[in-house]
Structures are given as C-alpha cells and as structure tokens.
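Produce the complete structure using the sequences and hints provided.
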Amino acid sequence: MSSVFILADFSGEKSTKTTAELATAGARIGAVTAVVLAGTGKGAALAASVNQGPIAQLLIIESDDFASHGVAASADALANLVKEKSPTALLIASHAFGKEVAARVAVLTDSGIITDAVDVAADGTATQLVFGGSTTVHSKVSHGASVITVRPNSIEADFSASTPAIENATATISANAKKAIVSSSQPPVKGGRPELTEANIVVSGGRGTDGNFAPVEAFADSLGAAVGASRAATDAGWYPHSHQVGQTGKTVSPQLYVACGISGAIQHRAGMQTSKTIVVVNKDPEAPLFDIADFGVVGDLFNVLPKATEGIAARTN
Amino acid sequence: MKIAVCVKQVPDSWAEKKMVNGVLDRENVDAVLNDLDEYAVEEALRIAEAHGGNEDGGPHSVTVISMGPDRATEAVRKALSMGANDAILITDSALAGSDALATSAVLAKVIADGAYDLVICGTESTDARMSVVPAMISARLGWAQLTFASKVTADPAGKVSITRVTEAGVDEISADFPAIVSVVEKINEPRYPSFKGIMAAKKKTIDQRDLATVGVSAQSAWSQVNDATPRPARAAGIKVSDEGNGGEALVNFLAEKKLI
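First to last, the protein sequences are chains A and B. In this text, residue positions in the first sequence follow the numbering used here: the first is 1, and each later residue adds one. In this text, residue positions in the second sequence follow the numbering used here: the first is 1001, and each later residue adds one.
Simulated from the structure, these hints should not be mistaken for lab results. Careful, some of the hints might be misleading.
Stated by the list, open to error - Capping the alpha-carbon separation at 25 Å, the derived lysine-lysine pairs in BS3-like fashion look like this:
#1 B/K1257 with A/K178
#2 B/K1186 with B/K1002
#3 A/K276 with B/K1257
#4 A/K178 with A/K85
#5 A/K178 with B/K1109
#6 A/K250 with B/K1151
#7 B/K1257 with A/K17
#8 A/K83 with A/K140
#9 A/K179 with B/K1159
#10 A/K250 with B/K1017
#11 B/K1018 with A/K140
#12 A/K307 with B/K1239
#13 B/K1109 with B/K1002
#14 B/K1239 with B/K1002
Said to hold, decoys possible - Over the 10 Å line for every Cβ pair with chain B, so calculated as not near, a few chain A residues:
#15 A103
#16 N153
#17 T170
All residues carry an ideal CB built from backbone N, CA and C; glycine is no exception.
As structure tokens, this is what we get:
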C-alpha cells in the first residue's frame, strides 16, 4: 500500500481541524503519516493534539531551526524526509506558510506541485476551482511525489479518534535554509472569532456599511461567524486589510456567506462564489451580487441585520 | 545595490478567463501588468530612492525581469515607465504552458547570472494565484527567502530586513544579501507612471532572450490537467424586499436551510 505524508497543521500549540481534513484526503491514497515539525522538546505536546482523522503514524521532527529560520528550514526537513521515505503524495494546508513549504519541497525533491486543491481522489487527482471559482480543473502530478496543498474547509473530515504509532526522526537542514533569520514572531491577534478561511460561516461588510461594521460584527457573533470585508471597505480603512475577501484578498468557501452592503464586483465574487449558500443584504435592488444569491434581502443593512441578530438570539436561547 | 524585480503579464482581472487544451487562454483577453507586481516595482524604487536613487550609472539599479510572449513587453514597459532602469524578457515558444517549477528555473538562472543583491516579487499573480514562485527561486538559488513582507528595509552594506505578515502572525526576519523578497499588497501606494516616465520607458532597453541565450532547457510541466470545465452559473434564488420583516425572513431562510 502506498504511503502518504501530511504536514500536521497547528495554530499555536494545537492541531487545527485542517490536519484531519488532510488526513481524510490522504487516506484515500494510502496509509497516512502525519509529520509534526516542532521546537526542541515540544514534539510530544504538539503530537498529542494530533488525535483526529485516519492517521496511521506520527513522525515527530524536533529542531529550533523551524522557529528561527521559518519556511526554508521546515521545507528542508520535510524534503529530506520525502527523499528518504519516498511517499506517493505529500499533502499540506493551503495557506501562506503551507504553500511556500510545498513550493520548496517540490523544487528540492524534483516533484510536481498542485496548489489550492479542494478535493483529492484516490489516484492523486486533485480538483481545483480556478479563475475565481468559475472553472473546475482536475489535474495530477506527473513527476516525483505528488505535492498538493489543500484548501482548509474544503474536505469533509473524518474526525474519528486516532491513536497513531509515534516515531521520531532527525531534522536535516542545510546551511542555505538557515540564511533568513527570524528574530521575533507574534501570533495573530485573535478577536475570539474564527479564522476567515476556516470558518463555516462568514459575514462580510462593504461600502454599504459606510464605515460602521458594528451591525455586521454583531450578526457575525450571533452566528459564531468570521467577519470579512470587501476591497472598498478595506481600502477606505474601515476594516483591516487581512479581512479582505476577493481576488486580491482571501478566498473563502464557507457553508454560508452573508454579504452586507456589498455590490459584488467580479473581484469580490472571485473570493466567495464557491460558498455553499450565499445570502445578500443590499438596499440597491440592482446590486449584481443578488444574481448569485440563494437568498436576498433588498433593504438597509442597518435595519435588517439588527433584526436578524435578535431573531437568531431568540432561537438559540 | 543591484535590485531585480520579477513581474508577470496576466489577463486583466476583469476579463473572463477560459481554459483551452488545459492551459489558460491568454491570446484572447486584455493583458496587463499583474496588479500585485506593481507593489514590488514600487518597493524596489523606494529602496533605491532611500539611498540616493537609481540614476543610470549610479550605485543602485532596478532591473525588471519577466518571462512571457512578445506582447509581455507591454507589461515590462509599464514597470519601466514607473522608473526601473532596464529589463530582461525571456521569450521562447518552448516556454508556452510552463508551470511554476519551469518558470522558477528560468528566472533563477537569469537572476544568478545577473548577480543581483536583492530580488523583489509580488506575492502572487492574479491569474494562477499559487504564491510559490518566490519560494521556488529561493530554493533553487540557495538564497535567503524573506516573503510576504509588509515592510522592507535594505542596507546597501548588504543586509535586508522585513516584517512578514501572514495568517500565522507577524515575524521580523533579516538576512544578508543576496535575498529574495516578496511584498504584500498595501506595502506601498504604487506610483502612476508620469508622462516623462512613459516617454523615457520607450527608450529603455528590453533585453529579450530566448532559452538558448539564458542557457537552460525547457522543462515540461510536472502536473497534467485532465480536464477543465466551466462551472454552471449560480442561479439567483429568493429575493425579498425589506418591509420591516426582512431580518426575520432572513432568519427563517437560515433555519429552513438548517444553517442555524
């Protein structure tokens, strides 16, 4: 049976649900080994949180170089592991760090690479939604290990408990991979809301908020949702740029996307149109985003959202 | 400082994109300089300007490097009109349909031969959106990788520092020259080419090279597209007008769909 490596995905000291998603996709191809890259002495604690999904084995590699040299050091250790163990595929989460690690591993192991897969089949064929979700592409790596980055929140994960065998491996990191020196690292400021790209529900605000995101945030909180923003809103400085959804911002694909006061330029659509259900609130009945909405309310978000927030509270209390 | 900026010509992000025979149809759409590369050009110019500017013949220069067909000269000229000194454009029919790995191999060779101190890129192109080429160039050359920079400080004595901003947090990273930097959107406000800049760009040299001149052979793509199909357009669903009960209707819809 072929073997598949996944790079366990962490937020702080805890494995994210993306790890289980990667394992679920990987298990279709072969037996899954989850690689845990950890600081010296931290491996066991991190590994303990990798306890969901079809994972047969955990491989812990400890080195302080991961923290002090970033992407290049992690990629070197992973690439050397791939060269040594020759897995059929290597699946990594599709975020900035994951894509860059994948890119370097592909170069270092002479392997083809596919990024932003939303699904992976048993034969390694990856599904991608390209051009802002307007086109579905199926492709397959044809050289070396199949290095595939998988978009968080795309694969329905098997969250069953796993008790994988644990092994330790030594980190092999070249001098070239230590040239960039990380002098300080700060975790992202978390406002108690879920991460935009991982959230099941996203509520976004645009020009129609006129700079007041309070009703958007209140509605988002009633749903346990992440908050997004259109480019118009981030350009105006109304909301942090890191929350921008669209072609030049984040691509999200939640179960529910609620667009409030966003007309729906093609660039915005590119970042959200693969959402399962789309709800639009806009006082302009001609807003183009209504064309792709499953449910649309023509009305002022300052009237509609507070009532909806109350309605949700009434149902959940 | 010898600074290089990697840029790409992409289909206008407003244009409808189609796949033909497994690759993006680039022929029949308007092509522009990748939005996100404008920030890279601007940052390169600002780095030079912080240390006296990039006058021709001076100690600092900004060279634009691109790979693409003949028409990519338009995107390259745009970067030149912003104020870059000169450009290298790699054009070869054997490069059509190149994947990121092949592209990075060609760019890495040109960069190595140019003996640059700093290479600056955008974080991604608006067509493929892979965000992998800067990391690949770094891995190929064995140069320091300082990517997703929201701030860059370069010391001509040979050191570069950045603030890296990603969903994983904020990192301060530094390295000695030579190094590959990629910059995020909003690191700066790219300048509009002035009339003078546009006129000057027409006289600037674009050194167009084929693969033989670069000295690498074309590498076929290491991933194959099996099929590409347009997704069915989403149809509009229910639309209600808010007569005071729009919020309630919205909640009812979410409940029906079992989303709450």
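Now the hints, each set against the structure:
Taken as a hint, the B/K1257 and A/K178 pair is broken in the structure, with Cα atoms around 51 Å apart against an allowance of 25 Å. Annotation: proposed proximity of B/K1186 to B/K1002 holds, straight-line Cα distance about 24 Å (limit 25 Å). For the hint pairing A/K276 with B/K1257, the CA-to-CA distance comes to about 11 Å; that is within 25 Å, so the pair holds. For the hint pairing A/K178 with A/K85, the CA-to-CA distance comes to about 23 Å; that is within 25 Å, so the pair holds.
For the suggested pair A/K178 and B/K1109, the alpha carbons sit about 22 Å apart, so the restraint of at most 25 Å is met. A distance of roughly 20 Å separates the Cα atoms of A/K250 and B/K1151; the hinted pair therefore holds under the 25 Å criterion. Restraint check for B/K1257 and A/K17: the C-alpha separation of about 24 Å stays at or below 25 Å, so the hint holds. A C-alpha spacing of about 20 Å is found between A/K83 and A/K140, which places the hinted pair at or below 25 Å, so the restraint holds.
For the hint linking A/K179 to B/K1159, the alpha-carbon distance of about 11 Å falls within 25 Å, and the restraint holds. Annotation: proposed proximity of A/K250 to B/K1017 holds, straight-line Cα distance about 19 Å (limit 25 Å). This hinted pair checks out: B/K1018 and A/K140 have alpha carbons roughly 19 Å apart, not beyond 25 Å. The straight-line distance between the Cα atoms of A/K307 and B/K1239 is roughly 17 Å, inside the 25 Å bound, and the hint therefore holds.
For the proposed pair B/K1109 and B/K1002, the alpha carbon gap of about 16 Å is at most 25 Å, so the pair holds. Between B/K1239 and B/K1002 the CA atoms are separated by roughly 58 Å; this puts the pair beyond 25 Å, and the hint is violated. The claim that A/A103 is not at the interface with chain B is violated, since a C-beta of that chain comes within 10 Å of its own (minimum 4 Å). The Cβ of A/N153 lies farther than 10 Å from every Cβ of chain B, with a closest approach of about 13 Å, so its non-interface assignment holds.
For A/T170, the condition that its CB be more than 10 Å from all CB atoms of chain B holds, with the nearest at approximately 21 Å.
Checked against the numbered hints above, the structure violates hints 1, 14 and 15; every other hint is satisfied.
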